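These are the residues of each chain, in order.
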Amino acid sequence: MLCEGFRKIFWGLIFVFIEIHIIAIDILPDPVGYFLIYSGMNLVNNHFEVGSRGNFIALVLVYFSLPTVFLQNTSIEQISGWFFYLSVMGIFNLVLAFYIFQIMVLFATERKENNLLRRTVTTFRVYMISMLLITFFEPFAMNMNLTEGTGYFAFSAAFGLMMNIIFLVLLSKFSKFSDNYFEDPSRTKGE
Amino acid sequence: MKEKLLWSGIILILISWALNYAFFQSKQLAEPIFLDHYYIGYQDEMQSFTFYYLTNKQDPHEVTHVQIDGIDSVFVRNDDQGYGFWHDSSEITFDREYRHHYLKTVTLEFNQEDIPLNEPGSSFSFEKMEVFFTNQPSIVADVGMVSFYRAYDQETVFESRMSSGSNQHRSEEAMVSKEPVIIEDISVPFPEEIAEDIAVKVNFDQERLKELEVLKASGSLPRWLEESRELEREKTPGILIETEDVYPIKLNANEWLQLYMYFNPKRTSYFEFSVLIKGKSESGETIEYLSPMMDQPDLEQQDIDMIIAGKEGGK
Chain A
0 MLCEGFRKIF
10 WGLIFVFIEI
20 HIIAIDILPD
30 PVGYFLIYSG
40 MNLVNNHFEV
50 GSRGNFIALV
60 LVYFSLPTVF
70 LQNTSIEQIS
80 GWFFYLSVMG
90 IFNLVLAFYI
100 FQIMVLFATE
110 RKENNLLRRT
120 VTTFRVYMIS
130 MLLITFFEPF
140 AMNMNLTEGT
150 GYFAFSAAFG
160 LMMNIIFLVL
170 LSKFSKFSDN
180 YFEDPSRTKG
190 E
Chain B
0 MKEKLLWSGI
10 ILILISWALN
20 YAFFQSKQLA
30 EPIFLDHYYI
40 GYQDEMQSFT
50 FYYLTNKQDP
60 HEVTHVQIDG
70 IDSVFVRNDD
80 QGYGFWHDSS
90 EITFDREYRH
100 HYLKTVTLEF
110 NQEDIPLNEP
120 GSSFSFEKME
130 VFFTNQPSIV
140 ADVGMVSFYR
150 AYDQETVFES
160 RMSSGSNQHR
170 SEEAMVSKEP
180 VIIEDISVPF
190 PEEIAEDIAV
200 KVNFDQERLK
210 ELEVLKASGS
220 LPRWLEESRE
230 LEREKTPGIL
240 IETEDVYPIK
250 LNANEWLQLY
260 MYFNPKRTSY
270 FEFSVLIKGK
280 SESGETIEYL
290 SPMMDQPDLE
300 QQDIDMIIAG
310 KEGGK
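The listed protein sequences correspond, in order, to chains A and B.
Numbering that gives the first Met the number 0 puts the first residue of the first sequence at 0, with every later residue one more than the last.
Numbering that gives the first Met the number 0 puts the first residue of the second sequence at 0, with every later residue one more than the last.
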């Protein structure tokens, strides 16, 4: 069940990151993605019996992301209501990523996968710090001219994409574990 | 990674949002700002002038029509309103884009019969106009100074042989007199407003200017002329037109006269007018010759900030 959870989170994130609009409708809708993440996190959290803040965020995002089904990132004008909306989404996504990383660390610790644990902890740190920085500098774009703004957006989009790919690749490792040699309930303790 | 770190990061992000948004709001203009224009039209049948204004990037103002006291009707030609199938009218067009503003243009066409110029030698000026926008309240804008004179309908005594302008904020004209003339004065308009921003030099060194005769034959310019275009203002040939003892300048028939005009590259106003040469012919008739020029400043972000601070502070 545990790795089924990670698999669901992985596919949920794919739905969230990839946006393919056919006649204005996202064929990989974000709410579906967040629901997959929500149910995946439920599976993992049930196992670890840890707090449910991550689940809660995912559940909020299922509803909060409904407009993105019809919203195309590229058609957003600067400093409109939707611009703020997408930024709030960005912050929520960061929080969600934080909790996903947290359960990954928990899993690797429990399985005594030291290499994986080290890699996860490093990725966790680099991912969170760089994404927080990108999000921190994002609002500066409204006080930039077109050339400066485009340069910043191109950089942050490329960098953000790279970080998310690293995140997904790492997550896919977790979904490949088998549940079988993981039955001893005495080891399943929280932080 | 501690959860506390995440939340303090998010708090910093929210602060960044709040401060950036506050700064953005503080830069918004209450209404569009028209820059200063120094334009003179010597009324032919139709004269058009382009006016420049700053407007917020967020919800930019589009001029629909303009009213000027004393002029019956002004035709607005929005340069950016194209016609045709492919034209997307919702697309915002602008001359230049800055951090928070667009520099937009509106071209006005003035018809001779709409301007009150009846007497020969009469003139008409305006400094303000009421501007109407799409879906926005109208404003009364200071636009600098625009004047119209009746066209000089006379035979010119000079024949213009060469004129050029450049994006280096200088322009020149060389001409040949068709008959003997005595030049008594060379002047630029708006002496009080723009004296600091323009310098004109006159050159009548016949020996060198004669070399320009080759223009007719080959079309290639003498080397000294090419070189003089690179020179600083102080080093180019000629004498500043303000110099008292230059006048009168006597020219025989087929003699040359050259004008060099320099514009202050740091200024923020738009120029379109003529240098006026006044003199007498041999028979004692008054003659006037207009050497037209136009020049636009290159406005950087700092210039825009300065213009806005100046114009908004003045209110």
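A hint or two may mislead.
[To be verified] Straight-line distance between alpha carbons at most 27 Å, and here's what the computed BS3-like set of lysine-lysine pairs gives:
1. Lys-209(B) <-> Lys-177(B)
2. Lys-249(B) <-> Lys-277(B)
3. Lys-3(B) <-> Lys-111(A)
4. Lys-310(B) <-> Lys-200(B)
5. Lys-175(A) <-> Lys-111(A)
6. Lys-1(B) <-> Lys-111(A)
7. Lys-209(B) <-> Lys-249(B)
8. Lys-172(A) <-> Lys-1(B)
9. Lys-265(B) <-> Lys-310(B)
If you're looking for bench data, these hints aren't it; they were derived computationally from the structure.
In this text the structure is predicted, and so the values were computed from the model without any measurement.
When the hints from earlier in the document are held up against this structure, which numbers fail?
-> 4
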